[in-house]
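Student: Put chain B on the given structure of chain A with help from the hints.
Chains as they are written, first to last, in my numbering: chain A, 284 to 426; chain B, 43 to 471.
Zero decoy hints are in this set.
Take a look, some chain B residues computed to stay more than 12 Å from chain A by CB distance:
#, residue
1, 289
2, 304
3, 347
4, 373
5, 398
6, 419
These stretches of chain B come out as covered by chain A in the derived footprint (C-beta under 8 Å, 3 or more residues):
#, stretch
7, 117-130
8, 152-164
9, 251-261
10, 429-435
Think of the hints as simulated: they come from the structure by calculation, not from any bench.
All residues carry an ideal CB built from backbone N, CA and C; glycine is no exception.
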Amino acid sequence: MAEEFPVVSADAEALEAARLLATQRLPGLIVTDERGKPCAILPASQVVKFLVPGYVQDDPSLARVVDETLADRVADKLTGTTVRKLLPERPPELPVVKADDTMLEVAALMARLRSPLVAVVDGDRIVGAIAASRLLELAMQPH
Amino acid sequence: MTVVAVLVFVAAYVLIATEWVHRLLAVLGGAAILLALGVTDAEHAFYSHDTGIDWDVIFLLLGMMIIVGVLRRTGVFEYIAIWAAKRAKGSPLRVMVLLTVITAVASAFLDNVTTVLLVAPVTLLVCERLDVNPVPFLLAEVFASNIGGASTLIGDPPNIIIASRSGLSFNDFLLNMAPIIVIVMVVFILILPRLFKGSFEVDPTRVERVLGLNEREAIEDRGLLLKCAAVLLLVFAGFTTHTITHIEPSVIALLGAGLLVLLSRLEPRDYMPSVEWQTLLFFAGLFVMVGALVKTGVIERLASWAADATGGAALPAAMLILVVSAVLSAVIDNIPYVATMSPLVETMTTQIPDQAQAEALWWALALGADLGGNATAIGASANVVVLGIAMRAGSPISFWEFTRKGLVVTAVTIAVVAPYLWLRYFVLA
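Looking at chain A on its own, in the form it has when it is part of the complex (with noise of 0.2 Å):
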């Protein structure tokens, strides 16, 4: 069920982080810890929130008063700024699969941590990821 999926270290910069996701059209990235071991799943959610001011995330009627040369210009936040900073100040559990855990288990474990996207790890060492449009892909196989 796993698959080959992009990571990113949380020292990487948030612009390239971004640019993954949109190229690659990514629901999330696993972000890595400077060991190398899987510390966080980046939601592409995340990245949009963050580009969003956060008088907006406020204020949200403010979005339609803003003329569009601002709108455009908000991708400028993401310059000089790592990963790491996407990030929530309390990143919730690290949503992590085993290899041999079922499609249940991990359908289980993105609905209740409400993440796009899971890790799969053989100890330390991330073996691949499940999306959550993957995951339906494989459900909605005829058995």
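Tutor: Same frame as chain A, now just chain B:
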């Protein structure tokens, strides 16, 4: 029983002030102990106006919270704030003055925390566009919010408590508090350039970026705005005609909230998040604890000592209440402070034969508690909220940065209101 009431009350106050436990837990725990030990009982705690929960206060707050929950969906505040920023033509000082005036006026009719939550995001947007530090603007607005809230009965929770305890009406607040608050605001605006010296430099090329904002887009549903305006007019008409209709402000607020919910056809999930249940429960627990002090005679004894200390004279009493309220409200939440002081001041007023001078004690309490909240970062709930907003915006405000400015604002505003009290209620009365 008296000793138990005092001990539980002091312990709860210490817990509230030090934030060792959540303030709701402190007051409900205190109230529970007092009920369990029989210091007070269900009859006194739930059904007595003097020694129990002041339901007028609770339901007035509930009604206004629901009204605000609907009103904030209209986008009218965003519209006004952006419109004003554009009229300022990019001058940071003019932007600050206009936003503080808008905040003060809004605060007179909405609670201070809501006002700050509404105006802060727009402020951050405007400051980002001008490329100026938002901290002075946020500070000026929270000060204005605490000042403006003092002007009406519904502007600040301490005023609601005072009104309910004293029997003073919406119009009494409007006639006695609003004039001095207007003067205080003028003085506050005059000191802004000195208070935030060096904060008004702007690159002229940034001005166009403010003028590019489209305030009309802030209002999505004009129909809802019109319905809100109509209901608010009715509610304020109800408040101001209380002396004729004798309908309590709490009933008017609840009727207004009900009417607005019916007209707006919004779902409860749209407006109920604006109801701060924790705050309402905090009030309930607080009233039970203060009621126990009234029931056991503690408040009466304290009032007697205060009367002896001031020689029974109204002017020293008013000035003492003003200064003590300002100092204590700077370090403890002004809501529990006023809830405690109200029965004490009520007893003190009964010993002053001149009605105008007796009323001056209430105004001194309201002004001291409301304006004293500006002195420190923890003096008022709105201050704490602004600190959080600034932190999330990447422009943190330290406790001392707030307090350095807040102390100046409190000192100046108290210095303005003290002669007002003296002149209006003792010299010219």
